[in-house]
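Peer 1: If you want the building blocks of each chain, they are given just below.
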Amino acid sequence: MMSFDQNAFLIIITASMIAISCGLLGVFMMLRKMSMTGDAISHAVLPGIVIGYLVSGTQRGLEVIIGAGILGILATLMIDWLRKKARVQLDASIGITFTLLFAIGIILISVFAYRVDLDQECVLYGEIAYLPIDLWINSSGQSFGPRIMWLAILNLLLVGGFITLFYKELKITSFDEKFGIVIGIPASAINLGLMSMVSYTTVSSFEAVGAILVVALLVVPPATAYLWTRDLRPLIQLTILTGVMVSVIGYYLAFLFDSSIAGMMVTVAGIIFFLSVIFTHKKFKFTLGTQKETQPFSS
Amino acid sequence: MSDFLYFFSFQDSSIAFVVMGITLLGIGSAFVGTFSFLDNKALLGDAISHAVFPGICLGFMLAGEKNPFYIVGGAFLSGALATFLSSWLKSNTKLSDDTIIAVILSVFFGIGIVFLTVIQKSGNPEMAGLNQFIFGNAIGIVERDLWVYGSLSVLIIGVIGFMLKEFQILVFNPEFGKAVGLPMNMIRFVFDVLLILSVVIGIQAIGVVLMAALLITPGTAARFWTDKLNILLGLASIFAILSGIFGTYISYLLPQMPTGPWVVVILSSIALISFLFAPKKGMVSRYFHRRSYVQKTQRDHVLKSIFKARELGQEGLTRAELLSLYPHQQKSIKNSIRSLEKEGLLFVNQSLIKLTDPGKYQAKRVVRLHRLWESYLNEYMNIAPDHVHESAEKLEHLLTPDLEAMLESRLNFPKLDPHQEQIPRDHDEL
Chain V
95 MMSFDQNAFL IIITASMIAI SCGLLGVFMM LRKMSMTGDA ISHAVLPGIV IGYLVSGTQR
155 GLEVIIGAGI LGILATLMID WLRKKARVQL DASIGITFTL LFAIGIILIS VFAYRVDLDQ
215 ECVLYGEIAY LPIDLWINSS GQSFGPRIMW LAILNLLLVG GFITLFYKEL KITSFDEKFG
275 IVIGIPASAI NLGLMSMVSY TTVSSFEAVG AILVVALLVV PPATAYLWTR DLRPLIQLTI
335 LTGVMVSVIG YYLAFLFDSS IAGMMVTVAG IIFFLSVIFT HKKFKFTLGT QKETQPFSS
Chain W
3 MSDFLYFFSF QDSSIAFVVM GITLLGIGSA FVGTFSFLDN KALLGDAISH AVFPGICLGF
63 MLAGEKNPFY IVGGAFLSGA LATFLSSWLK SNTKLSDDTI IAVILSVFFG IGIVFLTVIQ
123 KSGNPEMAGL NQFIFGNAIG IVERDLWVYG SLSVLIIGVI GFMLKEFQIL VFNPEFGKAV
183 GLPMNMIRFV FDVLLILSVV IGIQAIGVVL MAALLITPGT AARFWTDKLN ILLGLASIFA
243 ILSGIFGTYI SYLLPQMPTG PWVVVILSSI ALISFLFAPK KGMVSRYFHR RSYVQKTQRD
303 HVLKSIFKAR ELGQEGLTRA ELLSLYPHQQ KSIKNSIRSL EKEGLLFVNQ SLIKLTDPGK
363 YQAKRVVRLH RLWESYLNEY MNIAPDHVHE SAEKLEHLLT PDLEAMLESR LNFPKLDPHQ
423 EQIPRDHDEL
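Taken in sequence, the protein lines are chains V and W. For the first sequence, position 9 matches number 103 in our numbering, and the numbering has no gaps at all. For the second sequence, position 164 matches number 166 in our numbering, and the numbering has no gaps at all.
Wrong hints could be hidden among the right ones.
Cβ-Cβ distance ranges computed for the label pairs, FRET-style [claimed, not checked]:
no., chain 1, residue 1, chain 2, residue 2, range
1, V, 342, W, 279, 50 to 58 Å
2, W, 164, V, 181, 27 to 35 Å
3, W, 331, V, 270, 34 to 42 Å
Straight-line Cα separation of at most 16 Å, EDC-like style, residue types lysine to aspartate or glutamate; simulated pairs [stated by the list, open to error]:
no., chain 1, residue 1, chain 2, residue 2
4, W, 306, W, 395
5, W, 123, V, 352
6, V, 127, W, 99
7, W, 43, W, 99
8, W, 96, V, 325
Hint data in this document are derived by calculation from the structure and do not stem from the laboratory. Source: prediction; values computed, not measured. Each residue gets a CB set at the ideal place from its N, CA and C atoms; glycine is no exception.
All chains should be built: construct the whole structure from the sequences, respecting the hints.
Peer 2: See below:
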């Protein structure tokens, strides 16, 4: 039964592209200790999606992406405001922000249920399996292939472009924000840019993998890679590799167990993560030759 | 209106059950959540609430129906696994706290979704109710559920009440607890069990995604009103109960509305009101407090400048001279002069601004505090006389009469400060 037909190929390719986009952003979010902010953003975009939907009348409009982008940035600003101005501790600020915005989103869906064809559950866990039948067809009836695949390609191009263009700035501000500011990098602009990319990626992917699984792809591959290396370039390469592995293995396991593909991708990501924890753990560490591990200086 | 009366008179026993359930679990999660907020672990509750989801599905798969015992059992076990893994990962990897929380949260939820889709494909007719664990449905609580969840809530509240001291030490000073021989690991274990239990019963009403709010928000909001732990816990549970009952009421009026989101919106509104308007810690009160402090320093500066002019033999200062001393604060200095004049501390002639008698008294005090502090720094801290001015410039606005008396007696009522300037006393002639 396990086949490598055209549909499987399309789903795996799309899933990989989503996983790579999320992973690229996730590396920098993790280095900035903002993984939970990513989680908050992915919940907080919901009201933006609903409002964009109401304005444009379709789930595919540009308004939806703009609405979600605005809400994502709003969530970041609200977390910052609560923390700095109201002096609420960071984790409580995150918790309050995302629960409030997500709750408003769900209420909006319930209020406009007759106009908004959005499923609460679909927002949470999406379904990539319908990808091959959801085609992008232009007005003259010509088909260009799966719509979500095009969204994923566009998303990957934009995220890749953003990272390549601002690689140096992102790197410096992620490791030492103050130094970045001193040498003249507009750190808060870079930060907002990163947050907007995360919001946009969430919206662009939520139909396929859902809000919470976007978080998983944002967090788990970078965390896995971080267990193996601390250098930025290998970190990014390993993240991409993990993302692709997750997509391929996840697809076939989902096929085997007849379950949600996105859910299985995350499960696989979790398994790879825990295997990495075990293999990189001190007690299990493979040592090459007889060379001893270097000890940190004791003070 | 009649709906309102019908709901709040609790004549319908099912409404009474629901309200009782909401109240109990609100108190339970507010108590537990407040402690984990004070412990700086607010988001652990969020991770656990996502992590119980696969357990619920697994319990359902084993029981084949929505049996509360299986579901609570499954949820508890997966919550416990998540808690254990998060602390294990913390001590065995170099990942940061928030990354660990995010990994646990999303991976467990993903596994839950795999289970859920497997159940959906199995076509069990009972599965329709499983979705309510994601968004919560307090109205759907039936009597059998209430007995299980209600008694668990009572258990949580009881244990917290009984072990209040121990948890207080756990949160504020675990090192001290260890030193006096308390079994801190055991206490932490009990606390984790309570946290997981309160999540497990809370998601009944509010759902997996929003459960974090029920844990985090009441304590955070209450923290703005008080510094005392007992009042903090009381306020947090009142906030949780209020929003729980009104959230349920709204979803009773409009049955298409899920309960959880409304509870969260009401709770967050209470929190935002607290952040803004709470006395002392609220933003509005802090703003006014800060403004009045800035005004006080400026008034002190005006009095001090005129006093120094008198020391140099001038009668007073002209408005222009005074303003030229503070070129960047023209407007606020003008305001200070106006208010000082109104209070009778300054006498403003057409050309000259002079001190009145009460004004002299005030001005002497500011200058005295400044010079006393300089002497103290010089004598007791061995700071060179040319380095003491900056600090005195700040402290002259803050020193209380008690501190002033202590400084005077420590320094043995000095006549001169390190710059050989006279320290003015109340009875000194100016």
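Peer 1: Hints numbered earlier in the text: which of these fail when held up against the supplied structure?
Peer 2: Result: no hint breaks.
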